Structure formats: structure tokens, C-alpha cells
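Enquirer: Input sequences plus hints: build the corresponding full structure.
Protein chains in written order, with my numbering: chain A, 1 to 310; chain B, 1 to 310.
Check the hints yourself; a few may be wrong.
[What the hints assert, rightly or not] List time: in silico EDC-like cross-link candidates among lysine to aspartate or glutamate, alpha-carbon distance up to 16 Å:
no., chain 1, residue 1, chain 2, residue 2
1, A, Lys41, A, Glu80
2, B, Lys195, A, Asp191
3, A, Lys195, B, Glu71
4, B, Lys41, B, Glu71
5, A, Lys5, A, Glu80
6, A, Lys286, A, Asp215
7, A, Lys195, B, Glu135
8, A, Lys190, B, Asp167
9, B, Lys220, A, Glu135
10, B, Lys117, B, Glu158
11, B, Lys195, A, Glu135
12, B, Lys44, B, Glu82
13, B, Lys297, B, Glu158
14, A, Lys220, B, Glu80
15, B, Lys190, A, Asp191
16, B, Lys47, B, Glu80
Source of the hints: derived by calculation from the structure; they are not laboratory data. Small disclaimer: the values here were computed from a predicted structure and weren't measured.
There are 2 protein chains.
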Amino acid sequence: MTEIKIFSPATVANVSCGFDVLGFCLDGVGDEMIVRKTKDKGVKISKIEGYDLPTEATKNVAGVAALALLEDAQPDFGFEIEIYKHIKPGSGVGSSSASASGSVFAINELLGRPYSKTQLTYFAMKGEALASGSEHADNIAPGIFGGFTLVKSTAPLEVVQLPTPDDMFAVIIHPQIEIKTSEARAILPKDIPLKNAITQWANLGSLVHGLHTNDYQMIKRSLIDVVVEPYRSQLIPYYDEVKLSAFNNGALGCGISGSGPSIFTLCQGQSQAQQVELAMREVYSKTEIAFNTYSCKINTAGIRILSTNV
Amino acid sequence: MTEIKIFSPATVANVSCGFDVLGFCLDGVGDEMIVRKTKDKGVKISKIEGYDLPTEATKNVAGVAALALLEDAQPDFGFEIEIYKHIKPGSGVGSSSASASGSVFAINELLGRPYSKTQLTYFAMKGEALASGSEHADNIAPGIFGGFTLVKSTAPLEVVQLPTPDDMFAVIIHPQIEIKTSEARAILPKDIPLKNAITQWANLGSLVHGLHTNDYQMIKRSLIDVVVEPYRSQLIPYYDEVKLSAFNNGALGCGISGSGPSIFTLCQGQSQAQQVELAMREVYSKTEIAFNTYSCKINTAGIRILSTNV
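Expert: Structure, rendered in C-alpha cells:
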């Protein structure tokens, strides 16, 4: 195999009570990438379609992630990457992570899978750091592992793959506004009340239990964020209205995807997801803000191979 | 049945990353209580052996918990309670909780079990409030439910019963010093760094996952407290030495039991627990401080019936 085409899905990070650690993988929405071996060493981004992003390898998250892997692998050949971007940068569903994860996933396949999923996550974090300024894995891990993932720690990197209940769907609404990552960060307090922290970890503990026991009602009672949402939701117009409409239509949970502006909901079953999607659309339809929505089953496989040349 | 004798075990609360929410149930160490129906309504504490505690029902945690239950049940008879206390008050392993939990458990049996475990926890919390000044369930829940419990919230009360790996043992060392609850509380900051809170909830999330998957190594990597231990451990002489010796001898985790002064460790298997117990004893043997230790398998049954008169 000298060429591979993959689908690298969008992901949701900062899932309610799991701020900075819990994420899940979407389906149907994602980037496509073609990676092929080249005689020349190093990494070349030969094409980017969809959005205007740097093609210089050291300035592109996919390139930086690939270079981190190659620095370790030291093959006597190189790689050429084509990126067909469908995830809008800055939308809050892991656009840069999808590029970084996809690139190392594809190269690992072309090398005969020498690296574990955790190692791939580690390399992809190097790319993510270029985009966000710090090494995060909470969007990368769900792309590489699939389903729900908990990043227990980044140094040393440890990713916990959580079980995903069979009938779990996500709905995303992306209001077309810009939230600067710097602003989303600056709005967070450095210190939080111990009382709120306790509430948050109790909820994360019971959420993990609910995922293990397929207990949708416990999942619903646990998908609460008392720490970050009160601050960041101020940056998203009509956030409270969207959330209320989601809950009124049976959503299990609703929160800010990543650092926004996208809003996610989790739902039990496809028909509930469709109903919630309609209700969320209705809220923004009454405003001047452009938006798009999509719903899908939680993607438990993560990044997938579309084709290879062998 | 008009009379019941029960064993109400000691418990560990504030388990490492699960401060204020996570507890587990011990075995072999606990109070015995005899509760019998009386023609007279109300609650009478007819005997307390072991420690000097108030026998007036409204001033005794067992009495207050029983009265809370009876206010709801409204039977046309009453109860007499004998308490044979073996858990030293103030030792940090749920002495008051054992009395409060045992009393409502026994009365519920004598009434034909009208109440759920969660309801019993609720009534026992009323007794616990007398001892601690606020309603906590993190020592009560493991006694009533057995095994590891997560108190997801107290208002409304929701207890999550977590799975207990088969071969999980606990070791307790109780240095005979007094830590005032007020001091243990005052030493805690009201606010904590968001960064530390994130570490804590990541660890609690992976601990719950480890309990579900019998993954002792993940449990070990998760039994970390970056929020409370740095403060409260200062109140316990030789804490760091005990912890180091426990880890050097293979303990999965080591932390402050409740608000101290007892220190707990969790171990995989009985022989490891015995080795850890010896190592911890050795630390305090070299000091002037009197102490005692015990080790046991985690008690997954909780409070148990010793005998009834039918």
C-alpha cells in the first residue's frame, strides 16, 4: 500500500461535566484526506480544498503532526498529503484535530501500523498545539479511538475509551459567528469554588457509570456543567433558548461544543435527535444569524479508511 | 419480628479524587445494634456501650435518624435501641454514620422494608447532620448500599452504587490523635484552581471506569487527590511516610479517610493488604503516637442482620 484515503470525523470536546477531558466522535461530518508515500523524505501538503489554510508543512496542523510521527519513525521515504476540508475551522467541532489526527492515522496505516492509538494521539497533539497554542487531546482522542473518550492525563498521555450506549445520537447546531479561542479562554476564571468542582466531579463520575450501564436517565441527570457553561454560554447568542428547546424536546443533554460557537445535544435514538434538531433550528430561524445543523449516531469507530491502492 | 440485631460497619469517605462524593464500606469493624419494637411511640436509646454518647434520642445520631424515619412512617408503636459501639467517634471511619445508618436500617426491617436504600440514606443523613452540622451521605451511602458508592447529589438525594472488583481490600491505620472537624474544614480553601479541579474529575472519571472494568492499574493511577490531601495531610503526623511505605509495598492508593486522622489504603488481594498493613504499622511504631490498624475485604453487602427473634 502506497496510498490511502481516509475520512477524519468532526468531534465534540468539553462535554458538559467533562470539561477539558471528555469528548465524543461524530459521523457523516468530517474531512477527507489522501496520503501517499513519496520518494522524497519529509512531508508535503500538496493540496487543500474547502478552506484557505497554509500548505507549508510546518505551518499546517496535519503537517506538524505528521512531522512529529516521522521524527520518531525515521522512514527513508516521505509523504504527500491532500486535504479535502469539510469541517469549518473555528466552528468548535475539532476542525484542526481532524486534520492532525487524520494525517498520523493515515501515515501509520502506510507504515504498517507500528503505533498504538495512544501514540497516534500523542503525535496529533503536536499538530493541535500549532492551532491552539497548547497540547490538547480532547478532540483528538475521540477521532482516533472513536466513541466517548476521557483524556485522563496528557503528561503522561492516557486516554480511556468509554463505552457508548447503542442508541446514542448527537445533534450539532453551528451558528455562523466567530468566537476567538483567546476570548473563550479569557472568560474562564482561574479559580473556581470547591463546591462547584465537587458537583462537577460527582456528575462526571455518574456519567461514566451511566455510559457503562446504558442508563440514559442517569446520563441525562449527569450531563450538567456548573463550571464553564455559565461563562462561555454568554458568548453564544440564543444559547439558553436553544438549550431550553432541546430539553423540551427530550434531549439528554446540551452544551457548548469545544469552546463554541457550535452547540451539541445528545439524544436517545434517531427520532428524538430529529425532533431536537428541528426544535434547535426553529430558535435560530427566528434570528438574523446564519446556521447549519446536523445529527448523527455517535461514531464508535473513529477515523475510517475509505480506500487504498492495494 | 419484633427485635433485630445488626452489624453496622465502618466506612471510608472522601476517597482520594472523590472528595465529598465517593466512599466504600469496610468489614469486620463496626457497631452492633439491637432494635426492638415498643408499645410506647417514639424512640428510646436504652443502652450505649463502648463510648460515652448521649442517650437522649434527640441528641443521639441514631435517635435523630430514627425519629426522621418515624415522622414519615407514623407507626402506632415505637422503638428501643441498644448500641454496642466499636467504632471510636472521631476516628474518621464513619462512627456517627454507622449509628445513624444502623438505626434506620433496623427499623426498616422491623417495619417490613417499606423504604428503599436511598430513602434510608435520606433519613440517616438527618442523624449525620447532628454530628457534623451538615447533611452528608458519603459515609452513610456505603454502609447502606455496600461496596463503593458515589453520592451524585444530596438535594435531590441520588446515590450511585458502583461495582467493586472481586479482590479489593482496604487497610486502615488510625493514629490516636484528635482532629477537630472544624479545623479540617477551615484548612480547606473555598476556591481551587480550575486546573486542579480538571485533574481531579479526570481521575474520578477514570476511577469509575477502572471499577467497572476491574482494571486495578487504572484504579491505581486514578486514586490521586490533588485538591484536598495537600491541605489536610498536614494535620496528620507522618502522613507522607505512611503513604510512601504503602506505595512501596504495592498499595493501589492511599489517602485520608473522611477528614482523618485515619488513613486508608486500597490493595489488590489479601496478601498485599497484609504486607501494606505491616509497612504502615512500622512507620507509626517508630513514633510516640498510639495507633491501631485493620485490614479487610471491601464489604459489598453493607449493614447486615446478625439475628432476629423470628
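Enquirer: Which earlier hints turn out false for this structure, listed by number in ascending order?
Expert: 3, 6, 8, 9, 13 and 14
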